[in-house]
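**Q** With the sequences and hints as input, model every part of the structure.
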Amino acid sequence: MQKIEKKKASPMEVMKKILGRQIFIPIAALLLLVLFNLIVDPSFFAVVMKTNSAGNPVLTGNLITILDNGSELAILAIGMTLVTAAAGGQDISVGAGIAISGSVMLRVLCGTNPKPEAIQAPIIVAFLVGCLAAMLCGAFNGALVAYFKIQPMVATLILYTAGRSIAAWVNHNQLPIVPPGSFSYFGGVIPGIPIPTPFFIAIGCMILIALVLKFTTLGLYTQSVGINESSSRLNGLNPILIKFLAFVILGICVAVAGLIKVSRFSTINYSVIAKDIEMDAILAVALGGNALSGGKFNIAASILGAYVIQFLTTTLYKFNVRSDALPAYKAVVVIVLVVASAPRVREYLNGLKKKMIQNPSRKEVG
Amino acid sequence: MKENIVLEMKNIHKGFPGVKALQGVEFTLREGEIHALMGENGAGKSTLIKVLTGVYEKDEGDIFLKGYDKAVSIRSPQDAQRVGISTVYQEITLCPNLSVAENMYIGRTAGMGQNWKKINADADKLLRSLDIPASATQQLASCSIAVQQMVAIARAVDMDCKVLILDEPTSSLDEQEVEKLFGLMRNLKEKGVGIIFVTHFLDQVYEVCDRITVLRDGKLVGAYDIKDLPRVQLVAKMLGKELDDMSDIKSEGAVYSGEDAGTAVLEAEGLVSDAGIKPFDFYINKGEVNGFTGLLGSGRSECVRAIFGADRVVGGKVKMHGKDVKISKPIQAMKHGIAYLPEDRKLDGIVGDLSVRDNIILALQTLKGFFRPISKAQAYKYADEYIKLLDVKTASADTPIKSLSGGNQQKVILARWLLTHPDYLILDEPTRGIDVGTKVDIQKLVLKLAGEGMSITFISSETDEMLRTCSRLVVMRDRKVVGELSGEQLTQNMIMNTIAGGNRDNAEN
Chain Y
9 MQKIEKKKAS PMEVMKKILG RQIFIPIAAL LLLVLFNLIV DPSFFAVVMK TNSAGNPVLT
69 GNLITILDNG SELAILAIGM TLVTAAAGGQ DISVGAGIAI SGSVMLRVLC GTNPKPEAIQ
129 APIIVAFLVG CLAAMLCGAF NGALVAYFKI QPMVATLILY TAGRSIAAWV NHNQLPIVPP
189 GSFSYFGGVI PGIPIPTPFF IAIGCMILIA LVLKFTTLGL YTQSVGINES SSRLNGLNPI
249 LIKFLAFVIL GICVAVAGLI KVSRFSTINY SVIAKDIEMD AILAVALGGN ALSGGKFNIA
309 ASILGAYVIQ FLTTTLYKFN VRSDALPAYK AVVVIVLVVA SAPRVREYLN GLKKKMIQNP
369 SRKEVG
Chain U
23 MKENIVLEMK NIHKGFPGVK ALQGVEFTLR EGEIHALMGE NGAGKSTLIK VLTGVYEKDE
83 GDIFLKGYDK AVSIRSPQDA QRVGISTVYQ EITLCPNLSV AENMYIGRTA GMGQNWKKIN
143 ADADKLLRSL DIPASATQQL ASCSIAVQQM VAIARAVDMD CKVLILDEPT SSLDEQEVEK
203 LFGLMRNLKE KGVGIIFVTH FLDQVYEVCD RITVLRDGKL VGAYDIKDLP RVQLVAKMLG
263 KELDDMSDIK SEGAVYSGED AGTAVLEAEG LVSDAGIKPF DFYINKGEVN GFTGLLGSGR
323 SECVRAIFGA DRVVGGKVKM HGKDVKISKP IQAMKHGIAY LPEDRKLDGI VGDLSVRDNI
383 ILALQTLKGF FRPISKAQAY KYADEYIKLL DVKTASADTP IKSLSGGNQQ KVILARWLLT
443 HPDYLILDEP TRGIDVGTKV DIQKLVLKLA GEGMSITFIS SETDEMLRTC SRLVVMRDRK
503 VVGELSGEQL TQNMIMNTIA GGNRDNAEN
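Chains as they are written, first to last, in our numbering: chain Y, 9 to 374; chain U, 23 to 531.
FYI, nobody ran anything at the bench for these hints, they're computed from the structure. One or more hints might be untrue.
Covered stretches of chain Y, as calculated for chain U (at least 3 residues, CB under 8 Å) [claimed, not checked]: (1) 127-135; (2) 219-229.
Keeping only pairs whose Cα atoms sit at most 30 Å apart, straight-line, the calculated DSSO-like set for lysine-lysine is [to be verified]: (3) U:Lys470 with U:Lys357; (4) Y:Lys157 with U:Lys348; (5) U:Lys368 with Y:Lys222; (6) Y:Lys157 with U:Lys357; (7) U:Lys351 with Y:Lys157; (8) U:Lys351 with Y:Lys222; (9) U:Lys398 with Y:Lys222; (10) Y:Lys222 with U:Lys410.
Just so you know, even glycine gets a beta-carbon here, dropped at the ideal spot from N, CA and C.
**A** Have a look at this one:
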């Protein structure tokens, strides 16, 4: 979680510290976007206090939108980074997983009546049951990948395809609506606090994963298994268990993101909820400079990558790009990323760097 | 070119970045002979075969074939086939779901139209003439592995081949199947085909071959008639030790003299894993250094991997300090105080992208468990301590281990295991591919640790290293323990005699 502190440090210090580091990639992308908006329309950064429909004071502005809407992606990026590092592949079923866990939460909250007068169970119970559902999905994927050694993308294709149907089946294809109340706080604002709740939930998840990484050996084990499975086994690790664990942790992240998603609307649309979010989550991991083939990882960079993607999305909306044209712009980002990380380009850049270092010395000699 | 010589390779050189795989190798094959190409792994056998079959392009040298006036140029496997050189590899490279005849003629028939009736008839005729028990229309997968192997040979023979290369064809066959294959080889020999036979099995060489060419370290040792080269001589030539000038070196280290010296640390009885070794018994005493010896591929590594639980153990009993223990995975062995430095440093040892520090603490960390991470400060302390102790040359403890030299990587892996303070340390080829200075360092360290009471199993391809460090040697041949040498018996001659073995009775397949 160093990145959060760094973001607050003075720009020069940050630059010095991060230049040449992995986290440099998302920071460079972020600076590029900031610069673009500053030049084209500085009012992009305006944040003003307004009163929302419920009469509560809230901060509004593009930056707040980014922090708000980027939360689910940032939370997913945590789990996706771990899965990528351990299994050397990605989970493409997280969007479907959100649909399942969100549907389960609604089912517990509303009971059999899709439009109840009051919620039928405490929110925490609903969340825990939804969490269990998402962890089961993660366990299913994890078992296929870790034990049966199926490629992650292929293994998670199953839930990617079937997940939304399962989600609809959980509520008999009805659309339950949660009665107004505290459930909407998770995806909106808590009265009296002007910053959207999802941002705090995301911060909470970041602190949690930071603590887990500090007080367990998850980081070392995950990287070791991702880099050299055979060697890890001979050092007493259980690669199957560790890969499995990564998928289950991603399941928890999916449940938290699902809670925010269903809370935003107090209902669910099975085919639209969290659509294509898996691709953004994978892009966040890539943007964070993590190798998609597994191994060493940097979760802070992935989280920053998630916010960069949201920044891009918000910027495009600001310039009235239609939502169905968004993927085309993201594709450009993917192309730049993929080409920039290709070995051939890396070699060329390294060669360029060497020349730049050598040239001045030659001049001195001459 | 002499009348009956079918293939002559002269002064063949082939280099890879950093390695000279072949240096001035000569090879001659006569008509109607079975010629064994022998050498340890890495001696250059496969490189020579690949040069001959056009997989690699030679750097220097000439290849002459009967029927060609000038040296032939072989630049691709297709070229090799065209001039009559065919190869049958260890793994069957045919299509199991096609018929026998289809496999024999696939890729060799011109045009779209096929006269399957004629092809099947031709195939049957050829199979009969070679005494191969298969019919043309049978699906290949329904034949035994040996017959599949034979179909591959029939395909090669039918392509008008003068030189047939058999690369480890017997490694997946049982004894009867090997006999069948040998029958076919003798049959072809009478038809005048020159056969190059590559194998690890000494018994098979003496059963079927006429001549032997021995390679070592990419150089030609010599070509011999089989009757002029007894087994012991052959082993000596492969290992590179002449029988006469083998000095008798004794262990010189300080011997452990604690009260419990001579008590067994580990005893194994009938231990067997799924890696294809025969059940073996083994023990090691407190403060003892012993070793497994035998040619590469004789099962040395598989034995220690079974002890450590690295391969799946399928039978046998193990006792640690006199108590029965169950070791089926590495973590269990580690908890009982066993450490294992694997043979393949790159594949099984280092975790390449991680730092030297993380690589050093990895084993200790897994022993401590998931919820008790070693603090960064403590990890640096451990790393610095062992970097200094073993004199590891690294820019810092944060350097990724993959950027270190082989010898220094090996020291880091050694540090990893020493940090766990094991009772029993297994070193599988710790000195392979590292510089001479580090080799000596490691041997000294082994003797020092044993002097302090650690039990160590030391495996090395270099017999003199083993003689210098070990007080007892377990000898292996063909994946089976065939003897044990200690005290006065620890001489190069004795080791080679035991490795070579005398008669066919005590050697299997």
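**Q** Would you mind marking each hint as holding or not holding in the structure?
**A** For each hint, the structure was consulted:
1. 127-135: violated (count 0)
2. 219-229: Coverage by chain U holds for the region 219-229 of chain Y (7 residues, Cβ < 8 Å).
3. U:Lys470 with U:Lys357: Holds, because 23 Å separates the two Cα atoms, which is no more than 30 Å.
4. Y:Lys157 with U:Lys348: Holds, at roughly 27 Å.
5. U:Lys368 with Y:Lys222: holds (29 Å)
6. Y:Lys157 with U:Lys357: Cα-Cα ~28 Å, so holds.
7. U:Lys351 with Y:Lys157: holds (19 Å)
8. U:Lys351 with Y:Lys222: Holds - the C-alpha atoms of lysine 222 of chain Y and lysine 351 of chain U are around 28 Å apart, at most 30 Å.
9. U:Lys398 with Y:Lys222: With a Cα-Cα distance of about 10 Å, the restraint between lysine 398 of chain U and lysine 222 of chain Y holds, given a limit of 30 Å.
10. Y:Lys222 with U:Lys410: This hinted pair holds, its Cα atoms lying about 28 Å apart.
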